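Student: Read off the chains here:
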Amino acid sequence: MIIREDQRFHEKVYILKLKNGMEVHMLPKEDPYYSTYVELSFPFGSNHLAYKKDGLIHRYPPGSAHFMEHKIFAMPDGDAFMKFSNLGVDANAMTSYQQTSYVFNATSNVLDALKLLLNMLDTPYFTKENIMSEEKIIAEELKMYLDDIETELYQDLMTSMYKNHPFKWDIGGTLESIKNIDKEVLTDIFHQFYHPSNRLLVIAGKIDIKKMKVFFKAYDQFEKHKIPKIYQVNEPKSVVCKEIVKQKQVSISKLALGFKLKSRYRNGIEDIKNELTYSILFNLLLGTSSNLYHDLLEKQLINQNFYISSTFEGHQAHFVIFSDTKDPQFLKDYLITQLSLAKDNLLSLDAFNRYIKVYIGQFIFALNSVEHQAYLYSKYYHRHAHLYEVIDIVQSITYNDILLTYNDFIKAPNSSVIYKKD
Amino acid sequence: MKFIQSDYKTIQLTLYMIDFDDVKKRAYRFLLAKMLSTHTQQYKTKQALSQHLQSLYGANFNGRSMLIGNLNIIQTSFIMVNPMIVNDLSLIDQMIDIFKDMIIGRDFFSTSIFEEEKRMLIEQWDAIEDQKGLYASIHFNQLLFGEHPYGYPQSGYKEDILAVTLDDLYTYFLEVLMSNRIYFIINGYFDGYEQKIKLAFKDIENNQEKRLYLKTLEQQQAKEKTEYLTMNQALIKIGYYLPILRNDPLYEAALLFDLMIGGYVDSIMFKIIREELNLCYDVRSSYDPIKGTFVIGSGVDQKRKEEAISKIFEIMDHNGNYELQLDGLKHAKQYLIHQIKSSYDEQIALTLHAFYEDLFEQTILLDQRIEKIEKVTLDQVKSVYLKLQLQATYVLTGDKNDH
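For the record, the sequence lines run as chains S and X.
With my numbering, letter number 25 in the first sequence gets 25, and the count goes up by one each step, no holes.
With my numbering, letter number 378 in the second sequence gets 378, and the count goes up by one each step, no holes.
Isolated chain S (complex conformation):
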């Protein structure tokens, strides 16, 4: 067992590397602590729609990773979700662009729940009937998101930005695409990507390390498997469409403005540094303490429904701005102009230094919750970094990095979607 310690945050990590390739990382909390939080994740998410094997490209319909996340709970002797509940354990699962995670939180029956989780992932049970039934449930989930105007706006923006990249699909796919997900698709995903060697198990909270070590002995057997390489589609640098305007039955007009970013790095620490640098830059430009944000409020161009967000994955990234506004066209033009002039009036060294402190603070906040800690631990581990290194990466970012990144950002092509009030 490997033990890593971080003195700054008084945190220890115990790492087991099993012969089947699965890694178990344990982040214990000191007593008194009641909960054990478990997250088992695969670096296989909604953006992984094709892989290459033996010279052939194999493709999955959009929404396949999410469908799999639902259906893997089916077991020959019943639904695993119910079994977790019967153990008094709170289970859940989620799919992101980059990974699928299965989680539970327990205050008793931890080892039974762990056994159930691993058993569930080892015994897929896909039938024509249970797949058809799941399709109806997922269709209602997708319709629920479609009834959220901001999700609809975001999805329209993604299709106007991306020609080929899976970002153009919702994580759950579409009402049409999920009809093409069948037993063969799910079985193939299971065989290619759900192998133990592709699993990371993070356990945080109340942990008996000795008992865990004994427990995982049963899984410590050699199994050979090669995870296939994800096939990356070619995505043009330009956007599909510069502007889409739709007349809509909305009470106030809405704007989504997206920038398609150049992704300079491919993996590891540099990739995370690149993402964090962009994230700090966007907050400097339009965060709640920025001059531009307060200028927009003062001019009554925005209200509380104003958000910025950025999404990064190894090969592609984007930055988006959403707002309810009475004058979407003017807001769009004003934002583009002001962002292009930002170097002189928005990117001060003082503000940069403040944001470094904010990011350190956010990191410490995240360690206060085992759920958040385990989530971040998995996310960064799949990107080849240790959670506690992230704070060093933040501190390594310089003001000059921000200025260089800004120079890249202002060259990024943009696209917008406007929902104009009828």
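Please note: incorrect hints may appear among the correct ones.
[To be verified] If we take Cβ atoms under 8 Å as the criterion, some of the chain S residues that face chain X in the derived model are:
#1 F9
#2 Y34
#3 K143
#4 Q249
#5 Q300
#6 N303
#7 Q304
#8 R354
#9 K357
#10 V358
#11 I364
The set of hints was computed from the structure by calculation and includes no laboratory data.
The structure displayed is predicted, hence computed values, not measured ones.
Where is the CB? At the ideal position from N, CA and C, for every residue including glycine.
For chain S, the structure is supplied; the task is to place chain X on it using the hints.
Tutor: Coordinates of chain X only, in the frame set by chain S:
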């Protein structure tokens, strides 16, 4: 003032201003919570305060008003990193200064911030149809509670917000300081600072008696309403009065009843409505032991909404096919105990427990809570069925032709 010494990675200071609820004052209290947490006497703009909070490692400062029974509570919370982790104990002094600056001797409320907060709230009301879930909740509450204050929005209606002037709000703020119960809870690392914190707020703490009073709702004639917006699903909400309040001997039985009917994935609703009939992605029941209500909500396939409503009523019929079972009770007990135990790990939940203990003037230890849950019998849970009074059936559906 309540001190909870803990080793969490953050320190949390919360201020409560407690008064008897009056619907005419809801807009005032809603806006006051915003004014107190967006700027202070020293940091006179939102931007200045935001920049100062960033320099304190991104401290989080927010304000809101909330209703608990007959009480309206303004809560402002400050959360920042544990000063020991960043080796800067002066952060505690700075936290105290912000709170003092927020209320003590304050004679400055920014006109532009006041106008901005009002504008944003009014725009939110104007755009309510764009947020289907919120629209459905507000209209369902009106149907469920009728003229009762529980049916009145937390922020007041648009007209109430428009009527508030800055002068009136400032006068009201001074009244609040004099007449509200003012109470603090601090949770986290503050070793050696207790006296300093006590001294800083001793003049502002106010022990006015504002007792929580819970009362069951009076049964009305059941009402039904269907509304149409352009949407893909049908949102169904079915509301009952349930005269079992938090101080009732059947309180734990009602919590378990809620779980067994629709509170988690092992519930009857989840198994039948979602898993067997595939009518929805999610179906939930929620029991409110303060108001005394039991509500079932789901977003369903709009072509099958009648089937969903009919099935929900079939499940809710205690003489019907879906009898509560002993096994189900065992699982629900395990799950409820797990939820309660795990909440003791969350720093924010410890503050909430302490606040509720103060409000209900009652301290129940974890072991006592577990014992009470363990003792609940299946007959007690079944008896909850008999107390339900159907009050409202609300549907918000997407039928484009009718809209």
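Student: If a hint holds in the structure, say so; if it doesn't, say that too.
Tutor: Quick rundown of the hints versus the structure:
1. F9: holds, 7 Å
2. Y34: holds, 4 Å
3. K143: holds, 4 Å
4. Q249: At 5 Å from the nearest chain X Cβ, S:Q249 passes the 8 Å test, so the hint holds.
5. Q300: holds, 7 Å
6. N303: With a minimum Cβ separation of about 5 Å from chain X (threshold 8 Å), the hint on S:N303 holds.
7. Q304: This interface hint holds because 5 Å falls under the 8 Å limit.
8. R354: At about 4 Å, which falls below the 8 Å cut-off, the nearest Cβ of chain X leaves the hint on S:R354 intact, so it holds.
9. K357: holds, 5 Å
10. V358: holds, 4 Å
11. I364: Check passed: Cβ of S:I364 comes within 5 Å of chain X, closer than 8 Å.
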